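Let's have the full structure, built from the sequences with the hints guiding it.
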Amino acid sequence: MEEILEHYTTTKLEDVQVWFKAASVKDFPKDGGACVKYKEKQIAVFNFARLNKWYACQNVCPHKMEMVLSRGMIGDDKGMPKVACPLHKKTFSLENGENLNGDLEAIATYPVKIEGENVYIGFLE
Amino acid sequence: MKTIIVVGNGMVGYKFCEKFVANDASKDFKIIVFGEEPRPAYDRVHLSEYFENKDAKALEMAPSSWYEENGIKLITEARVTDISRNTKTITTANDDKYAYDYIVLATGSSAFVPPIKGIEKEGVFVYRTIEDLDATMNYVAKLKSEGTQKRAAILGGGLLGLEAAKALIDMGLETAVVEFAPRLMPRQLNGDASKSLQTKLEALGIEILLSKATQQLTGNDAITGMQFSEEETVPFDMLLVSAGIRPRDELAKTCNLEIGTRGGILVSNDMRTSDPNIFAIGECALLNSMIYGLVAPGYDMAEVAVAQILGNSEASMPTEIDMSTKLKLSGIDVASFGDALNENGGVEIVYENGYEGIYKSIIVDKEGKSLLGGIMVGDASDYSMLHQIFLNGMKIPEDPAQLILPATDGAASLGDVMDLPGEAQVCSCESVTKGQICGVIESGEAKDLADVVSCTKAGTGCGGCKPMVADLTTATLKSLGIEVKDTVCEHFDFNRQDLYKIIEVKGYTTFNEVLDNHGNGGHGCELCKPLVASLMATIHADTANKEYAIQDSNDRFLANIQRNGTYSVVPRVPGGEITPDKLIALGEIAKKYDLYTKITGGVRIDLFGATLNQLPLIWKELIAHGFESGHAYGKSLRTVKTCVGSTWCRYGMDESVSFGIELENRYRGIRAPHKIKGGVSGCIRECAEARGKDFGLIAVEGGWNLYVGGNGGANPRHAELFAEQIDNKTVIKYLDRYLMFYMRTAKPLQRTAAWQERLEGGLEYLKEVIIEDKLGIAEDLEAEMQTLVNKFECEWTQAVNDPEVMKRFNHFVNSEEEDDNIVFVPLREQKMPEPWV
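Residue numbers (the working numbering), protein chains in the order written: chain A, 1 to 125; chain B, 1 to 837.
Hints should not be assumed to be uniformly reliable.
Claimed, not checked - Listed next, with one range per pair, are the computed distances between beta-carbon atoms: (1) A:E14 to B:G481: 32 to 42 Å; (2) A:M80 to B:D820: 28 to 38 Å; (3) A:G102 to B:K807: 26 to 36 Å; (4) B:E423 to A:N52: 55 to 65 Å; (5) A:K21 to B:K592: 31 to 41 Å; (6) B:E834 to A:E14: 31 to 41 Å; (7) B:K807 to A:K21: 10 to 20 Å; (8) A:M80 to B:K598: 51 to 61 Å; (9) B:D820 to A:E14: 24 to 34 Å.
Calculated directly from the structure, the hints in this document are not laboratory data.
As the structure is a prediction and not an experimental result, all values here were calculated from the model.
Just so it is clear, CB atoms sit at the ideal spot from N, CA and C, and this is done for glycine as well.
Dropping the structure here:
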C-alpha cells in the first residue's frame, strides 16, 4: 500500500511546472474541501474562507491509506491551519503537511492559485 | 484437581471467587459455593437503594451466569450444617455431602438483636438482607393502608441505622433513631461532630433520641411503643433493629475450630483458622481480636486467602487495618479516619461552622508533624486527600489548621494529589494504588476517567475514592500534555452548556457568527464545529444539510464512513416492524449495488460498501419504497427496540411495538450530545433489553415503568427506574423533558448514563426537575421538544430533491469517476474491505 505515497511529493510554489485548472471556485464549500483528480493523483483542495486562503494536499491519509482527507473538517491548531481525517481524526497542517497529533509521516502539500473563477493546483509534472 | 468449598455467598465470599478465578493458577481448582440466601451475592453496602427501587438485580455483584462462565458451582438456598475435618467432607441441610481440600468460611454476620423484653413482637424487623427489607416494606405498606400517620423507630444510631432512618422517612413514616450511647455513630464521631450531624438529620425530619436504654417493647401482639424508663414510653408502630452485628460462627463451632470468647472464628493474619485447611474471611473472622465490619478489609482478607491457597505463604493481612469510612447519609457527608476519637493523646484542631452545618476536626501528633486522624461532617470534600496524608504519613503544613480551614483566595490548602507516593492506596475496596492509576494512563491504555475505572476497577466499590481518582486522572493527563479543560476546545472558553445558552439567546444561525462573537480568534476545529452544528440542530431544528462543512464527516454525507472510505446505509425501521415488501425492496437494492448486508445491533438492516457516488442513488430508490433516513450516522436517536408485545405474545402486558414506533417516530432526527437508543418491552421478561438503553419502558400491571440512563458499550449500565406505572401520555411527557434537559446540559459526546451519573444530586435531583418541575422549566422543555418533533424533515429526502446538495456526493469535483483506490475482497457469500496492514 505504501507505494501510493510515492505519487505524492510536496511541491513548492517556485518549483511548479504545471498549473492544473481543477474546477470553479463555487464547486468548493466555504471552509471545507473537495477532491480533485489529476492524472493518477487524488488531491484534496480546501477553501479556507475564514483566512481567505486555499490549500491543497494529498487525499490519502498516511495512517490507513484511505482516500478521505478531502472529506475532513478544517480548522486551526493554535493558529496553524489543519485538516482532520474523518476516519480517526488524525490532523495535518495544511501549511507544511505535518501530522499535528501524532508522529505519522507528513502529507504532501501543493500550491493553489485562483484566477478569475477558477482554481488551479500546481504540480511538478 | 483440588476442591475449594466456599461457605457463604456475600460480598466477601464473592470477592474471593472473583479474585481466585482471575489468577491463572486457579485452573487446577474446582470451586463450589454455598449461599444461604435465594439469590447470588449482592452489594449489601448499598442495600438501602433497594428501598427506593426494589431492584434486587441492580445490587447483584455478578449475575448467576458469571459463576457458571467461570467454572464455579453456585448452590443457593443451601446451608452447610456440618464440617467433618477427619473425612474432609461437609454436609448440607439436605444431607448432601461434599468432599473438600480447602474450605473458605465467608459466613458473614447476622444482625444483633438485643435481648429486650417484647422484642419478639409483631412489627419488629432487622436490617440485613433483601428478604428483611421486603418484610419491612410489606409491613410499612400494611401500616399505611390503615390511613393514620404511623411512627417507626430505628434501634441503633450507627451507620446502617441512619441509612435505614432515611429510607423509612422517605416511605412516609414519622421516624426516630434510638441510640443507647450519648451520640450518633459512636464509633466514628465525637460529641460535637454528632451534634452537627444530629442538627442536619433533624432538619430532614428524623427525630434523634440519645442515651436511651430500652426497657421493654409495649403492645399485645404488635409493638405499640418503646419504654425507656418508668416515666417515659414513646409510641411506635414498628421497630427496625440495627444495633450491630454478630459473626456467624455456628458452623465453625460444629467442627471445634477455635472461636473468640465473644464470638468470631479465630484466624491468624494469613486468614487460616486453627485448621490450616480452613480459612475464614470477612465479618465471621476474628483477626487481632477484632471483627472488621467494613467491606474493604473483607476484600483484603479474600485476597490473602486466594494467595495462600495458590501457594504464596507470604501473603498476610497488614498489622494495622484501616477502618476509615466516608459516606453520604441522606445527602450529608460524614467521614472519619484514623484515630478519629483521639484515643492516643494527640492534639485536636477543630473547625466548626454552625451556619453551614460543617464540623471538621483533625488529630495531629504533639510535634505537629503528622496527621493521626480526623472527622468531617457536612463537608467531606477534603476527605480523600486527608485520608491519604494520614495513610502515607505525608508531611503536613507548618500550621496544621490549614488542612481543615476553608481555602481563601481559591487556593487549595491541601497538597496536590500528584504528591502522593506511587504505592498510596487510592481505592481501598479494590486495592488500587496511585501508581496503577497513573500507569494505565501513561501507558496509553486509559485515555479518560471512564477508561481508568474500567482498567483498574478503582471507584467501583463504595465509590468514595471517585473524586480522587478523577483528580489523579486529570493531573496525569495534564502532565502528559493532554488537554482536560471543561471548555469545548482551544477555540472557545466555554463549555457546551454555555454555548447552548449563547446560541439560544443570541439566535445565531451560522458557525462563523458564534466563532467571531464568542471565540478566541481562531478558526474552529473538528471538535467545536460539529458541536455547534449539533446545538444549532437542537435549537433551530436544522437538519445536517444546513451548513454541511461544519458537520462531522458522517453527518456531512448522511452515512457512516467505514474502514475503506465507503459508507453504510441504514434506513429507519421504526420499532423494528417491517413489511415483507419493504424487506424485499431492501434486498433488491442491496443486490443491485452489491452491498454487504447485515442486521445491526439495533435490529435494523445495514447495507455496507456504498461509495460516495452511490449514496444518493441508493437513497432515491429507498425513498421511493417509503424509507427515510435512519440517522445511524448522527449523534441522534438511533432505534427504539421493541419486543413483539401484547399484539402477539401470550405474556405481553401492553403493545410494545405500537408504542415503540410512536416513540421512534417522535424523536427521530433530533440531534443530541451523543447517540440515543430506546427500548420498549411488553412485560418484565424484557426481551427488548430496554434497560440497556438511554430510555427504556417495561409494561407492568397498570402502565409502564420508565427507566433512564442505560447503555451498552465499554461500560454497560442498566437504566435506572425513574417512574412507575405511568400511562403513554405521561411517558411522553417525562421523556420529552428528560431528553431535552439532557440535550441542554450534557457535555459533548456524553451519553445519558454518564450525564445522569455526574449530575449534582443524581437521580433524585433529576426526578425533582423532570417530575416535580423544581426548576420551573418543564413546560419550556416540552415546548422545545414539540417544536423539534413538528419540524422534523427527512434529511435524505431533502438531499435527493436538491441538485445542489446532490453534488456533494461526487468523489471528484472535476470528474464523474469513482475512487479507484477502493478494494473489496470476498467474505463468506458477500464482500468486505481489504484489511488494513
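How the hints compare with the structure:
no.: 1; hint: A:E14 to B:G481: 32 to 42 Å; verdict: holds (36 Å)
no.: 2; hint: A:M80 to B:D820: 28 to 38 Å; verdict: holds (32 Å)
no.: 3; hint: A:G102 to B:K807: 26 to 36 Å; verdict: holds (33 Å)
no.: 4; hint: B:E423 to A:N52: 55 to 65 Å; verdict: holds (57 Å)
no.: 5; hint: A:K21 to B:K592: 31 to 41 Å; verdict: holds (36 Å)
no.: 6; hint: B:E834 to A:E14: 31 to 41 Å; verdict: holds (39 Å)
no.: 7; hint: B:K807 to A:K21: 10 to 20 Å; verdict: holds (18 Å)
no.: 8; hint: A:M80 to B:K598: 51 to 61 Å; verdict: violated (41 Å)
no.: 9; hint: B:D820 to A:E14: 24 to 34 Å; verdict: holds (32 Å)
Checked against the numbered hints given earlier, the structure breaks only hint 8 and satisfies all the rest.
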